[in-house]
Amino acid sequence: MKNTYIIIAAIVVIVIIIAGVFAYIYISAPAKKSTSTLASATVNGAGGTLVYPLMTVWQGAYGSAEPQITVNYNPVGSGTGITDFTKQLEDFGESDAPMTAAQYAALPSGTTALTIPISASAVVPAYNLKLSNGTVAQNGLKFTGAVLADIFLGTITKWNDPQITALNPGIPLPDTLITTVHRSDGSGTMFAFTNFLYDSSTAWASQVGKPSTSPAWPSAPAQIAAPKNAGVAAAISETNGAIGPLEIAYILENTGQTSLYYGSVQNAAGDYILATVTNIAAALQAGAAAGLPAGNAAWTGVSIVNNIFNDAAATTVYPIVTLTYALVYQNQNYNSRSFAESAATVNFLSWIVDSGQSLGKGLGYVPLPANIVSVDDATLKLITYNGTPII
Amino acid sequence: MQSRLLRGDTILKILLAAAALFIIGLLVALAVELYLGASASIYKFGPAFLIGSKWVPNKDILGALPFIYGTLLTSAIAIIIGLPISLGVAIFISEKLKSHQTFGYLLGTVVDLLAAVPSVIYGLWGILILIPLLRDYVEMPLHNSLGFIPLFSGTPYGFNFFTAGIILAIMIIPTISAVSRDVLNAVPNSQREAMYSLGATEWEVTQKSVLPYARSGIFGAFVLGLGRAVGETMAVTMVIGNIPAITANLFSPGYTLSSLIANEFGESSGLYESAIIEIGLILFLVALLINVFARLLLWRMTRGTQVKV
Amino acid sequence: MTKANLPTSISLWRKIVDKLMTILVVVAVVLAVIPLIFILGDVFIRGGAAINIGFLTHLPTAPNVAGGGIANALVGSFTMVGLAALISIPIGVGAGIFFSEWSTSQLSTVSSFMNDVLTGFPSMVLGLFIFIVIVLTTKQFSGFAGGVALSLVMIPIIARTTSESLKLVPMTLREASMALGIPRWKTVLRVVISTGKNGLLTGILLAVARATGETAPLLLTAATSEHFATSLFQPTASLTILIYNYGTSPYSSWQAQAWGAALVLILIMLALNLAVKLTIGRNLTGTRMEM
Numbered sequence: 001m002k003n004t005y006i007i008i009a010a011i012v013v014i015v016i017i018i019a020g021v022f023a024y025i026y027i028s029a030p031a032k033k034s035t036s037t038l039a040s041a042t043v044n045g046a047g048g049t050l051v052y053p054l055m056t057v058w059q060g061a062y063g064s065a066e067p068q069i070t071v072n073y074n075p076v077g078s079g080t081g082i083t084d085f086t087k088q089l090e091d092f093g094e095s096d097a098p099m100t101a102a103q104y105a106a107l108p109s110g111t112t113a114l115t116i117p118i119s120a121s122a123v124v125p126a127y128n129l130k131l132s133n134g135t136v137a138q139n140g141l142k143f144t145g146a147v148l149a150d151i152f153l154g155t156i157t158k159w160n161d162p163q164i165t166a167l168n169p170g171i172p173l174p175d176t177l178i179t180t181v182h183r184s185d186g187s188g189t190m191f192a193f194t195n196f197l198y199d200s201s202t203a204w205a206s207q208v209g210k211p212s213t214s215p216a217w218p219s220a221p222a223q224i225a226a227p228k229n230a231g232v233a234a235a236i237s238e239t240n241g242a243i244g245p246l247e248i249a250y251i252l253e254n255t256g257q258t259s260l261y262y263g264s265v266q267n268a269a270g271d272y273i274l275a276t277v278t279n280i281a282a283a284l285q286a287g288a289a290a291g292l293p294a295g296n297a298a299w300t301g302v303s304i305v306n307n308i309f310n311d312a313a314a315t316t317v318y319p320i321v322t323l324t325y326a327l328v329y330q331n332q333n334y335n336s337r338s339f340a341e342s343a344a345t346v347n348f349l350s351w352i353v354d355s356g357q358s359l360g361k362g363l364g365y366v367p368l369p370a371n372i373v374s375v376d377d378a379t380l381k382l383i384t385y386n387g388t389p390i391i
Numbered sequence: 001m002q003s004r005l006l007r008g009d010t011i012l013k014i015l016l017a018a019a020a021l022f023i024i025g026l027l028v029a030l031a032v033e034l035y036l037g038a039s040a041s042i043y044k045f046g047p048a049f050l051i052g053s054k055w056v057p058n059k060d061i062l063g064a065l066p067f068i069y070g071t072l073l074t075s076a077i078a079i080i081i082g083l084p085i086s087l088g089v090a091i092f093i094s095e096k097l098k099s100h101q102t103f104g105y106l107l108g109t110v111v112d113l114l115a116a117v118p119s120v121i122y123g124l125w126g127i128l129i130l131i132p133l134l135r136d137y138v139e140m141p142l143h144n145s146l147g148f149i150p151l152f153s154g155t156p157y158g159f160n161f162f163t164a165g166i167i168l169a170i171m172i173i174p175t176i177s178a179v180s181r182d183v184l185n186a187v188p189n190s191q192r193e194a195m196y197s198l199g200a201t202e203w204e205v206t207q208k209s210v211l212p213y214a215r216s217g218i219f220g221a222f223v224l225g226l227g228r229a230v231g232e233t234m235a236v237t238m239v240i241g242n243i244p245a246i247t248a249n250l251f252s253p254g255y256t257l258s259s260l261i262a263n264e265f266g267e268s269s270g271l272y273e274s275a276i277i278e279i280g281l282i283l284f285l286v287a288l289l290i291n292v293f294a295r296l297l298l299w300r301m302t303r304g305t306q307v308k309v
Numbered sequence: 001m002t003k004a005n006l007p008t009s010i011s012l013w014r015k016i017v018d019k020l021m022t023i024l025v026v027v028a029v030v031l032a033v034i035p036l037i038f039i040l041g042d043v044f045i046r047g048g049a050a051i052n053i054g055f056l057t058h059l060p061t062a063p064n065v066a067g068g069g070i071a072n073a074l075v076g077s078f079t080m081v082g083l084a085a086l087i088s089i090p091i092g093v094g095a096g097i098f099f100s101e102w103s104t105s106q107l108s109t110v111s112s113f114m115n116d117v118l119t120g121f122p123s124m125v126l127g128l129f130i131f132i133v134i135v136l137t138t139k140q141f142s143g144f145a146g147g148v149a150l151s152l153v154m155i156p157i158i159a160r161t162t163s164e165s166l167k168l169v170p171m172t173l174r175e176a177s178m179a180l181g182i183p184r185w186k187t188v189l190r191v192v193i194s195t196g197k198n199g200l201l202t203g204i205l206l207a208v209a210r211a212t213g214e215t216a217p218l219l220l221t222a223a224t225s226e227h228f229a230t231s232l233f234q235p236t237a238s239l240t241i242l243i244y245n246y247g248t249s250p251y252s253s254w255q256a257q258a259w260g261a262a263l264v265l266i267l268i269m270l271a272l273n274l275a276v277k278l279t280i281g282r283n284l285t286g287t288r289m290e291m
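Residue numbers (our numbering), protein chains in the order written: chain A, 1 to 391; chain Z, 1 to 309; chain P, 1 to 291.
If you are wondering where the hints come from, they were derived from the structure by calculation, not from laboratory data. Treat the hints with caution; some may be incorrect.
Okay, the calculated bits of chain P under chain Z, using three or more residues with CB under 8 Å as the criterion [to be verified]: (1) 71-81; (2) 193-199.
In silico negatives: residues of chain P with every beta carbon more than 10 Å from chain Z [to be verified]: (3) Ile51; (4) Ile53; (5) Thr57; (6) Thr61; (7) Asn64; (8) Gly67; (9) Thr137; (10) Ala176; (11) Ser177; (12) Gly213; (13) Ala216; (14) Leu232; (15) Tyr251; (16) Ser252; (17) Ala256.
Here are the simulated lysine-lysine pairs, PhoX-like style, with alpha carbons at most 20 Å apart [said to hold, decoys possible]: (18) Z:Lys96 with P:Lys15; (19) Z:Lys208 with P:Lys19; (20) Z:Lys98 with P:Lys19; (21) Z:Lys98 with P:Lys277; (22) Z:Lys208 with P:Lys139; (23) A:Lys210 with Z:Lys59; (24) Z:Lys13 with P:Lys186; (25) P:Lys139 with A:Lys87; (26) Z:Lys44 with Z:Lys59.
Since the structure is predicted, the reported quantities are computational estimates derived from the model, not experimental observations. Beta carbons are placed, not taken as given, at the ideal position from N, Cα and C, and that holds for glycine.
Full structure from sequences and hints, please.
Below, the structure written as structure tokens:
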């Protein structure tokens with residue numbers, strides 16, 4: 001019995017020491033010096049996972065600029081982000097696809113949601129294929145939207161199908177069965193990809209229907225659905241003959257891996273484009289130039305993919321590009337919110353649009369072009385508290 | 001004096017009964033919440049939801065049968081593989097290592113560590129390591145040699161019922177073996193000694209004396225393991241392929257009720273969200289039915305004995 | 001005296017069966033240990049490189065930025081699992097005792113059956129339930145909601161294992177205690193529980209391990225945060241959510257941290273397991289029930 005008491009006492013002492021260490025770390029964190037006029041507040045956001053790594057960069061940099069403001073972001077997924085935003089649990093929502101008509105209708109009555117693009121990404125056709133000469137297919141296999149649609153419809157089933165070999169002369173495509181891989185969970189990446197397929201193929205449009213974050217994928221002879229981009233990337237890299245839509249960061253950031261490659265896609269001008277930061281930025285620029293709605297209008301169905309799909313003059317753009325949006329209420333004095341919270345939210349959002357865009361380059365994020373930034377700035381000026389614009 | 005004693009008894013009984021009531025209340029509250037959330041979908045789709053076998057959301061054709069099948073099949077594989085292994089481990093530690101208590105304790109702790117692995121890690125490990133391994137060294141050979149049996153007739157890509165069942169089996173081993181171990185250790189030595197004195201071999205002692213005595217406890221371990229298998233989401237979703245299918249082919253991709261909820265709930269809204277919640281309700285009913293079935297099985301096995309269920 | 005015609009040897013068949021069963025049992029252990037080695041080995045290898053003192057004491061940083069850590073996730077997990085244990089141990093043990101000691105009552109039969117059903121509930125649905133009941137009403141993601149959600153995962157496990165352990169305590173012990181005039185409540189609390197305490201502890205440790213490894217319920221209740229939570233009613237980071245977010249990101253620096261966090265989690269559970277078993281549980285050389 002005495003031994004037990006001694007051991008328990010020892011454990012209690014250890015726990016106290018550990019707690020003390022944590023307390024010391026917490027207390028000795030550099031004191032937040034505030035030089036700005038903003039009152040201290042917490043800004044909470046929730047939404048898609050695509051922008052989460054960039055959010056952590058922003059949280060760090062913004063935390064140095066405005067240390068009295070704490071920003072939290074919860075990457076639960078676009079759908080839950082919109083739901084939480086609708087239930088007014090967050091200061092801003094975040095989504096990889098604009099709100100649908102039903103989601104706009106579900107907003108609390110008398111409120112207007114503003115849609116603010118804050119970043120962008122691209123979807124590439126990723127594959128893993130051993131060619132008939134024994135080597136592995138490298139980056140740059142050519143695809144058109146129609147061919148991709150037929151692959152995912154299950155109409156094209158083998159890699160050496162004439163439609164694919166016609167686009168890729170000289171490449172010894174084997175007689176391997178195509179395994180289609182796609183997301184099992186809802187995703188803005190899938191929204192953009194199905195958007196492109198919907199535009200490219202009437203067969204796809206009639207069989208699968210409108211672009212959606214959770215499309216009804218047709219069955220193919222060999223098919224895998226995996227959760228999250230990480231799951232899709234793993235499934236493709238482990239299965240010979242697999243192809244699937246993948247967010248580009250999962251290939252560019254995976255330096256050194258040997259079984260995940262991506263292909264080039266034909267744009268409206270007829271050029272086959274292998275996605276890079278440059279041509280994604282060009283796509284954003286061209287898409288926005290074609291016109292984006294005002295922030296307080298409905299953004300349902302708005303997509304860069306649509307805007308550049310028929311733009312034959314845009315020769316250097318990558319066709320499957322998607323924006324990711326922050327959602328915020330135009331009138332900030334709901335639910336007895338304080339002015340400090342509203343001001344902090346607006347300040348953070350305008351900071352990420354104006355100053356934060358270049359910070360994501362190291363992680364593969366494409367900065368928003370000037371024309372989208374000015375649309376966002378105009379939208380942010382619409383935000384009011386008690387009738388008075390905050391900016 | 002007597003009333004004071006009874007008061008202590010009554011107070012304890014009331015407190016404990018309150019805890020038991022809480023559990024009932026919790027389950028009822030869960031069922032009610034699920035039903036409320038699912039009511040729009042129940043009203044719209046009716047009984048066809050339960051027996052339909054197609055799931056096409058944008059055409060409003062929703063049938064839950066493939067997912068019920070997937071949950072039952074993967075849980076069955078998990079139990080068929082995991083239960084014998086867990087019992088083997090428990091018997092080994094508790095009976096064979098009687099004279100090496102320290103080693104038995106260490107082995108037990110190490111197996112228990114599997115319970116501490118987060119389900120996310122099981123999922124990541126499953127998709128990164130287990131799938132290529134199983135596909136190339138287990139599933140392909142099985143398909144090539146025994147492909148004429150419907151069970152192994154499909155070409156394995158790794159993302160299928162079989163892999164999901166295996167990963168579930170691994171996940172339930174620590175639960176079943178830890179509880180069984182304690183149960184076997186609690187069987188009094190007098191039981192074993194009596195058998196030995198009758199000239200039984202080691203295995204016969206275990207089989208005829210220890211295991212029957214511990215039957216109820218092992219059943220409890222089985223229930224816990226089964227519960228984990230039926231409800232597990234993250235690890236299964238990573239490796240099962242997430243394509244609804246009703247087939248005897250173990251190497252076909254499949255889909256379970258909990259994976260569907262995990263995949264679709266976040267992005268769903270309106271009627272579709274209600275349908276997903278109805279899937280949750282169906283999972284609740286499936287778990288209920290499995291437990292009824294298991295209880296009946298135990299009742300038949302312990303009929304006539306003094307074992308309390 | 002004639003030599004009695006006793007069987008002096010066990011038949012060959014029975015010997016074969018005995019040896020066969022021994023082999024099968026060893027095979028079972030090997031099969032159980034193989035995935036263990038794989039998984040734990042993988043976690044150690046991938047996670048080991050990421051662990052250092054800074055990892056344990058710093059706040060998270062952006063990908064590819066040095067010096068990131070899991071300090072807030074560690075504290076968050078501790079807090080929420082601790083809260084969950086505080087809620088679930090009394091309720092779970094209490095219900096378990098009731099199932100075992102008052103097993104004939106109808107309340108006990110119904111409740112223990114419902115408890116079994118609860119063990120099979122997907123934790124995501126439990127999280128959704130708490131989202132509706134706590135998060136929506138407080139209009140706030142909080143560590144408190146996360147802790148309550150985890151307690152719902154733990155209660156059925158603890159109740160089940162408690163009742164099973166106590167049922168194995170021989171009736172004779174209870175009878176002897178009552179025969180000595182000890183009131184029932186003291187019998188239950190002192191005699192029955194202390195005899196069955198190993199099973200109780202196993203169940204509690206199992207439930208704690210399970211709760212610490214849960215992700216889905218926390219997604220909808222505690223959300224996540226890059227900072228320390230200064231109150232229970234704020235979004236709170238946790239090890240499992242960090243593993244989930246970092247492990248599915250495209251950045252290898254974050255992926256390494258995810259495995260590192262998994263390793264930390266397993267080591268903590270190991271330490272907890274050892275600490276509890278060594279002190280409150282049976283001593284290492286163990287005494288079997290000698291009745």
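These are the hints, each one checked on the structure:
1. 71-81: violated (count 0)
2. 193-199: holds (count 3)
3. Ile51: At about 15 Å from chain Z, Ile51 (chain P) clears the 10 Å cut-off, so the statement holds.
4. Ile53: holds (22 Å)
5. Thr57: Thr57 (chain P) is indeed farther than 10 Å from all Cβ atoms of chain Z, at 21 Å.
6. Thr61: holds (21 Å)
7. Asn64: Per Cβ check, Asn64 (chain P) is outside 10 Å of chain Z; nearest 20 Å; holds.
8. Gly67: It holds; Gly67 (chain P) is separated from chain Z by about 24 Å at its closest Cβ, greater than 10 Å.
9. Thr137: Answer for Thr137 (chain P): holds, closest chain Z Cβ roughly 13 Å.
10. Ala176: The assertion about Ala176 (chain P) holds, with a minimum of 14 Å to chain Z.
11. Ser177: At about 13 Å from chain Z, Ser177 (chain P) clears the 10 Å cut-off, so the statement holds.
12. Gly213: It is violated; Gly213 (chain P) is separated from chain Z by about 4 Å at its closest Cβ, not greater than 10 Å.
13. Ala216: Violated: least Cβ distance 6 Å, not greater than 10 Å.
14. Leu232: Since the minimum Cβ distance to chain Z is about 21 Å, Leu232 (chain P) lies beyond 10 Å and the statement holds.
15. Tyr251: holds (15 Å)
16. Ser252: holds (13 Å)
17. Ala256: Given a closest Cβ separation of 12 Å, the condition holds.
18. Z:Lys96 with P:Lys15: Given that 20 Å is the threshold and the Cα spacing comes to 16 Å, the pair holds.
19. Z:Lys208 with P:Lys19: Within the cut-off at roughly 16 Å; holds.
20. Z:Lys98 with P:Lys19: Status holds; Cα separation ~17 Å.
21. Z:Lys98 with P:Lys277: OK: Lys98 (chain Z) and Lys277 (chain P) at ~18 Å, within 20 Å.
22. Z:Lys208 with P:Lys139: violated (58 Å)
23. A:Lys210 with Z:Lys59: holds (11 Å)
24. Z:Lys13 with P:Lys186: Holds: Lys13 (chain Z) and Lys186 (chain P) sit about 12 Å apart, inside 20 Å.
25. P:Lys139 with A:Lys87: Holds. Lys139 (chain P) to Lys87 (chain A) sits at ~8 Å (cutoff 20 Å).
26. Z:Lys44 with Z:Lys59: holds (13 Å)
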